[in-house]
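Starting from the known structure of chain L, arrange chain E on it as the hints suggest.
If you want the building blocks of each chain, they are given just below.
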Amino acid sequence: ILNVEQSPQSLHVQEGDSTNFTCSFPSSNFYALHWYRWETAKSPEALFVMTLNGDEKKKGRISATLNTKEGYSYLYIKGSQPEDSATYLCAFKTFGNEKLTFGTGTRLTIIP
Amino acid sequence: NAGVTQTPKFQVLKTGQSMTLQCAQDMNHEYMSWYRQDPGMGLRLIHYSVGAGITDQGEVPNGYNVSRSTTEDFPLRLLSAAPSQTSVYFCASSYLTESRQYTFGSGTRLTVV
Chain L
13 ILNVEQSPQS
23 LHVQEGDSTN
33 FTCSFPSSNF
43 YALHWYRWET
53 AKSPEALFVM
63 TLNGDEKKKG
73 RISATLNTKE
83 GYSYLYIKGS
93 QPEDSATYLC
103 AFKTFGNEKL
113 TFGTGTRLTI
123 IP
Chain E
844 NAGVTQTPKF
854 QVLKTGQSMT
864 LQCAQDMNHE
874 YMSWYRQDPG
884 MGLRLIHYSV
894 GAGITDQGEV
904 PNGYNVSRST
914 TEDFPLRLLS
924 AAPSQTSVYF
934 CASSYLTESR
944 QYTFGSGTRL
954 TVV
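Quick mapping for you: the protein sequence lines, in order, are chains L and E.
Heads up, the first sequence is in the numbering used here, so the first residue is 13 and it goes up one at a time.
Heads up, the second sequence is in the numbering used here, so the first residue is 844 and it goes up one at a time.
Here chain L stands alone, though its shape is the one from the complex (with noise of 0.2 angstroms):
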């Protein structure tokens, strides 16, 4: 079984705040990196699929980055606001396995 950690497991950041979280996942083998965002009472939701090394995504104020090399994606959020409050889940893909294999995720609390 493939091991995808996050940390750290839970963040609070004041509002205003810039913040960044890591996904580690074994560097072999490696076909593709999901980050997710799961906000309370609803369900996952896409926020990139990376699948290059070096790859770099941007959506309004979330950037993420990926190593494929090392084994690491990083997430960024520039100027928290009470809204990107939610889970945040990486889940990693191997060469000819058609199973995601999941993060437990980062908790992030906005504090206004």
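This list has only true hints and no planted wrong ones.
Label pairs and their calculated CB-CB ranges:
1. E:Ser949 with L:Ser19: 24 to 34 angstroms
2. L:Gln26 with E:Tyr938: 33 to 43 angstroms
3. L:Asp29 with E:Thr913: 46 to 56 angstroms
4. L:Thr121 with E:Ser861: 36 to 46 angstroms
5. E:Ser949 with L:Ser22: 17 to 27 angstroms
6. E:Met870 with L:Lys71: 19 to 29 angstroms
7. L:Lys90 with E:Lys857: 44 to 54 angstroms
8. E:Ser910 with L:Ser30: 40 to 50 angstroms
9. L:Glu51 with E:Pro851: 17 to 27 angstroms
10. E:Thr858 with L:Glu51: 24 to 34 angstroms
11. L:Gln21 with E:Gln865: 27 to 37 angstroms
12. L:Gln21 with E:Ser861: 34 to 44 angstroms
13. L:Ser19 with E:Asn905: 25 to 35 angstroms
14. E:Leu939 with L:Thr52: 28 to 38 angstroms
It is worth saying that the hints were derived from the structure and are not from the lab.
Glycine is no exception: its CB is placed at the ideal position from the N, C-alpha and C atoms.
Relative to chain L, chain E alone:
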């Protein structure tokens, strides 16, 4: 534009009962999957399918059956419910492309007593 529809949203079962969780998508996605979400654990894959007539096991398949007779539907059957199957179940679907993103249903909260 329904996306992924799961029914029911809530269910309480007695130990030993059987039931089917329904999942339907209207996006013509080839790939469909079932996950369960338990406190302190990530989403864990139960079963998945890459097309009609094709299914395979995920990480935690025991106690569950699936079938995929159409592209749109991917029901999950609990054969004989156990308290360990108390969980929130999510269905997710996607295209079979390199950069595909998953679309999730709204979840089914199942309690087995």
